[in-house]
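Visitor: One-letter residues, chain by chain:
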Amino acid sequence: MLSAYSDMLFKAALVVYTIAMLMHAVEYVMAKSTTPAAPGASGSATAVAAGAEGTAGSESPGTTLTATATATPPGGGEVVGGGTRSRADRFGRMAVSLTILGVLLHVGAIATRGVAVARWPLGNMYEFASAICLAAVVTWLVVLRRTAGRGRSVRTVGAFVLSPVFILMFLAGTVLYAQAAPVVPALRSYWLVVHVTTVTIASGLMMVAGAASVLYLIKRSGRLTEFAARLPDVEALDRLAYRITVVGFPIYTFAVIAGAIWAEAAWGRFWGWDPKETVAFVAWVVYAAYLHARATAGWRTTGAAWINVLGLATIMFNLFFINMVVAGLHSYAGL
Amino acid sequence: MSSPPTAPPSPPRTAQDAEPPAGGRTPVRRVLAFLRNTWRGLTSMRTALVLLFLLALASLPGALLPQRSLNQQLVDQYFADYPTLAPWLDRVGAFDVFATPWFAAIYLLLMISLCGCLLPRSLEGVRNARSVPVATPRNLARLPHHASATLDEDADAVMDRVRSRLRVGSRFGWRGAESTHEQGVRSLSAEKGYLRETGNLVFHISLVGLLVGIAVGKLVGYEGQVVVLANGSQFCNASILGYDSFRPGLQVDGTDLQPFCVRINGFTASYLPNGQPDTYRADIGYQDTEQVESGDADTWSPFELAVNHPLRLDGSRVYLTDHGYAPRFTVTWPDGEQRTGEIQWQPVDRTTLLSQGATKFERPGIADDAQRQKSSLAITGLFAPTSSGGDVVTSTYPEMRNPEVAIDVLRGDLGLDDGRGQSIYSVDQAQVDSGALVRVARANLVPGESTTLDDGTVIRFDDVTQYVVLQVSHDPGQTSVLVFAILILLGLGMSLSIKRRRFWVRVTPAGDGRTLVELGGLARTDQAGYGEEFDRLRADLLERPDAPGPDSATPEKDG
Ligand code: HEM
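Protein chains in written order, with the numbering used here: chain G, 0 to 334; chain R, 141 to 699.
In short, the hints are calculated from the structure, not lab data. Be aware that one or more of the hints could be misleading.
Claimed, not checked - Chain R residues, not near chain G, derived (Cβ > 12 Å throughout):
no.	residue
1	S209
2	R303
3	G309
4	T320
5	N405
6	P442
7	I483
8	E502
9	T534
10	R579
11	G651
12	E672
Stated by the list, open to error - To give an idea of the chain R side of the interface with chain G (calculated C-beta under 7 Å), a few residues:
no.	residue
13	R186
14	A188
15	L189
16	V190
17	L192
18	P417
19	N448
20	Y459
21	A625
22	I638
As the list claims (entries may be wrong) - Calculated lysine to any residue pairs in the SDA-like style (CA-CA distance at most 20 Å, straight line):
no.	chain 1	residue 1	chain 2	residue 2
23	R	K358	G	G271
24	R	K500	R	N584
25	R	K358	G	W270
26	R	K358	G	F169
27	G	K10	G	F169
28	R	K358	G	I260
29	R	K358	G	K10
30	R	K639	R	R676
31	R	K358	G	A264
32	R	K639	R	V342
33	R	K639	R	F312
34	R	K639	G	A294
35	R	K358	G	F280
36	R	K639	G	A259
Cβ atoms here follow ideal geometry from the backbone N, Cα and C, with glycine treated the same way.
Model the full structure from these sequences, guided by the hints.
Guide: Take a look at the structure:
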């Protein structure tokens, strides 16, 4: 009964997200580029990028000062005209309002599911994927809030953040969908609740960070100029990816530790190289490599962004492939 | 601000860069230079990065290929499926990834690199912690954060205010250094966020500690499984022989196990209507090391052993890992001799707990060895806790609601004496094939029923006892691993959330008791977000938060 309401709310949230995504897409198309139009576009983008590279290497305060000062374009680099802007802006605002509505519906869906099954609603892949999407969308809203104002908003990329959410939620609602049911005894532990909740939050964060890194790579590649011209400048994307990752990484670390504590109580060892554990370890190492890359000459920019994308790919691989194909002890996947 | 500097105090770039100028090269020197360069290369940031990648890459086969340590059957299956590929993979250890020399080599190199990287950084950290902030730059307006205003205060008052606002000298305030220049110009350079470095060091050092803790566990720990009937039977951790399977650490010879005993008084499991298990619970009593050593055999402390609820006895833990059924049979031979057998049968269907097994008997009262051997009995077949009924018995539910066995009785030579171990769940098929072991009866029995063989031997199915599988794990390194894991988290949180940032103030007397105050700020790490803090400082110090002068700017406002 209640679980039917949950399913309805889930669908409603998906529909609302989809509309929000489409509106963001309209906003994106209508918005003027952040770099001067067509022919000059690629040249100017690389100029900014070169500035960034120059800054990155410097450590002594003296050089940093000058480089930083020059690399910051006045007004955050957003050169936007009058009329189109306000119409694009209106679409963007509507999209954000819809996203908030979607989050409310989504929270409702997950909460009613939890009540329906009388347990923490993270017991199978459907619930897990759904919650990751919620975490990603909430992350996105927080990002919007914190970057609002002074022309530094990254709202225009909303469509690209919401599209992976859309895909994952669609898969959750179709392929992964599982009837509401209780879980096996081994899965009943507070540590498990802590573990899966934090993994979910971290995955949601990494999803947004990964999207930012993908956009960064597109913008820096110098290809797809027509498309890339409207993206926020490379530094904004890079910073976005980094900021979210440094929040997500400790959460992920905590989640892995919580998982180990739970495994110690449930399976008799805190670490056993079960496939799921192994890939979680790999993802953790990849993100550690990301942070290292940002402190390694020659790896700070594109290299680090690739590693970040690789990290997200590893997390998603762990979620899908390992659960569905390999399945070790973590075989509660419940497909 | 573009991706700002995060680099640690300049790690050596590459070995080549650091090469000393050639000249006067003796072989010894060359060797030394080579060693030094190798060391520098090994401890460079780039090497750490490469090693991290290698570690990730090397772990992957552990997830994608079946591993012996987890599931030998899957490995065998893989050998059957890929007969040409599997031996090759086996040769490079792909089925024991985490025990291979190459995996060990990667993480050992990483550890060495880590230590080589940490040592100098720790020293530098100590030195850094006492250093004074860098002098105030000449042109503060060129900093990413800057502001200025002319205030109706004299320089002393301004400096006092700055000092107290920044809490210079306080433990939680900014570290500051003041200087006085010509014409009454005074400046203060302040820095905050030194704990970032500390966090980073705590993180990396704890990582080493964690791995040492794990290594200790691998050396002196052990793990064993044992089946115990849930009818008041006991298990004591006295020797390896008590276990059904045992995995010792590298330094464990099994002579020195921590003594303790457990007694399984009963076991209950409950299931959902679809057969999915709901709860497992064993009612046990235990005697810890002290009790065992004091020789008090009658006092048992009660405990409820359940999934996610192990028994912890300093250094060792006892887990409930599995359960099943042990049917009890009584055989009465024509001469009146009687024997009862009760041994675990193995679940073959996890959802219905349909089980199979073999309960074996030697005929008592026969002196002649050969004769006795030839008249052994084995009761093999299936047990269904909730029987479907009918001729072909299957199980429909895991709980014992309607137990029934479908058995074959075999008589002859079980082949137990030929020295080869055989499964407790089946008879030796070779004995059957050779005709040494012959089926003499087949029957479906519910508890209390019996069947009679051609020679008058009566086989009765008495009852069923539940058994539990216990796992004993001994890992003295575990606590330290947990402590280091927590430190890792703290260090990580510290190093990723604390911003190393600088703040400068210059005051210049402007006559008439007025003072020009210039502020500048610079975040030294990726963590910008300094803008807001700078804004607050500016508002507090320049006192005009709403109307900053036209010459102030804070381009950075985020995070
Ligand atoms: C066992 C392998 C290692 C792991 C898992 C690891 C992990 C990490 C992580 C997660 C960070 C970011 C958090 C922080 O700043 O504290 C970090 C930073 C850092 N690591 Fe490692 N590390 C490893 C080995 C090394 C090695 C061998 C070196 C020396 C070459 C090194 C040098 C650094 C430095 C200098 C930073 C600071 C970067 C910054 O300021 O952002 N690490 N490491």
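Visitor: Does each hint fit the structure? Answer for all of them.
Guide: Status of the hints after comparison with the structure:
1. Taking the minimum C-beta to C-beta distance to chain G, about 7 Å, the non-interface status of S209 (chain R) is violated against the 12 Å cut.
2. Distance check on R303 (chain R): its Cβ is at least 22 Å (rounded) from any Cβ of chain G, clearing the 12 Å threshold; non-interface status holds.
3. Non-interface status of G309 (chain R) relative to chain G is upheld: no Cβ of that chain comes within 12 Å, the nearest being about 23 Å off.
4. Listed as outside the interface, T320 (chain R) is consistent with that label: its C-beta sits roughly 22 Å from the nearest C-beta of chain G, beyond the 12 Å cut-off.
5. The non-interface label for N405 (chain R) is consistent with chain G: the shortest C-beta to C-beta separation is roughly 20 Å, beyond 12 Å.
6. Distance to chain G confirms P442 (chain R) as a non-interface residue, since its nearest Cβ pair spans about 20 Å, more than 12 Å.
7. Once the 12 Å rule is applied to beta carbons, I483 (chain R) is consistent with being away from chain G; the minimum gap is 24 Å.
8. The claim that E502 (chain R) lies off the interface holds: its Cβ sits roughly 36 Å from the closest Cβ of chain G, which is beyond the 12 Å cut-off.
9. No Cβ of chain G comes within 12 Å of the Cβ of T534 (chain R); the nearest lies about 23 Å off, and the non-interface call holds.
10. Non-interface status of R579 (chain R) relative to chain G is upheld: no Cβ of that chain comes within 12 Å, the nearest being about 38 Å off.
11. With a minimum CB-CB distance of about 30 Å to chain G, G651 (chain R) clears the 12 Å threshold, and the non-interface call stands.
12. Annotated as non-interface, E672 (chain R) brings its C-beta within 12 Å of a C-beta of chain G; the closest such distance is 10 Å.
13. Interface restraint check: R186 (chain R) against chain G, minimum CB-CB distance 5 Å, threshold 7 Å, status holds.
14. This hint holds: A188 (chain R) has a C-beta 6 Å from the nearest C-beta of chain G, less than the 7 Å allowed.
15. A least Cβ separation of about 5 Å between L189 (chain R) and chain G falls short of the 7 Å threshold, and the interface hint therefore holds.
16. Restraint check, V190 (chain R) versus chain G: the minimum CB separation of about 9 Å is more than 7 Å; hint violated.
17. At about 4 Å, the closest approach between the beta carbon of L192 (chain R) and any beta carbon in chain G falls short of 7 Å, and the interface hint on this residue holds.
18. The closest approach between the C-beta of P417 (chain R) and any C-beta of chain G is roughly 6 Å, which is under the 7 Å cut-off, so the hint is satisfied.
19. Annotation: interface hint on N448 (chain R) holds; nearest CB of chain G at approximately 4 Å, less than 7 Å.
20. With a least beta-carbon distance of about 4 Å to chain G, the hint placing Y459 (chain R) at the interface is held under the 7 Å criterion.
21. A distance limit of 7 Å between C-beta atoms decides the matter here; for A625 (chain R) the minimum to chain G is near 5 Å, and the interface restraint holds.
22. At about 11 Å, the closest approach between the beta carbon of I638 (chain R) and any beta carbon in chain G exceeds 7 Å, and the interface hint on this residue is violated.
23. This hinted pair checks out: K358 (chain R) and G271 (chain G) have alpha carbons roughly 12 Å apart, not beyond 20 Å.
24. A C-alpha spacing of about 18 Å is found between K500 (chain R) and N584 (chain R), which places the hinted pair at or below 20 Å, so the restraint holds.
25. A distance of roughly 12 Å separates the Cα atoms of K358 (chain R) and W270 (chain G); the hinted pair therefore holds under the 20 Å criterion.
26. Only pairs whose Cα atoms come within 20 Å are accepted, and K358 (chain R) paired with F169 (chain G) is rejected, the gap being roughly 44 Å.
27. Annotation: proposed proximity of K10 (chain G) to F169 (chain G) holds, straight-line Cα distance about 9 Å (limit 20 Å).
28. Distance hint between K358 (chain R) and I260 (chain G) is fulfilled; the C-alpha atoms sit about 18 Å from each other, no more than 20 Å.
29. Of the supplied pair hints, the one linking K358 (chain R) and K10 (chain G) is violated, its CA atoms being roughly 49 Å apart against a limit of 20 Å.
30. Between K639 (chain R) and R676 (chain R), the direct Cα distance comes to roughly 16 Å. Compliance with the 20 Å bound is thereby established for this hinted pair.
31. Taking the CA atoms of K358 (chain R) and A264 (chain G), the gap is near 18 Å; set against the 20 Å cutoff, the hint holds.
32. For the suggested pair K639 (chain R) and V342 (chain R), the alpha carbons sit about 16 Å apart, so the restraint of at most 20 Å is met.
33. For the suggested pair K639 (chain R) and F312 (chain R), the alpha carbons sit about 14 Å apart, so the restraint of at most 20 Å is met.
34. Pair hint K639 (chain R) plus A294 (chain G) holds up; C-alpha atoms about 15 Å apart against a cutoff of 20 Å.
35. The hinted pair formed by K358 (chain R) and F280 (chain G) meets the criterion: a straight-line CA distance of about 19 Å does not exceed 20 Å.
36. This hinted pair does not check out: K639 (chain R) and A259 (chain G) have alpha carbons roughly 30 Å apart, beyond 20 Å.
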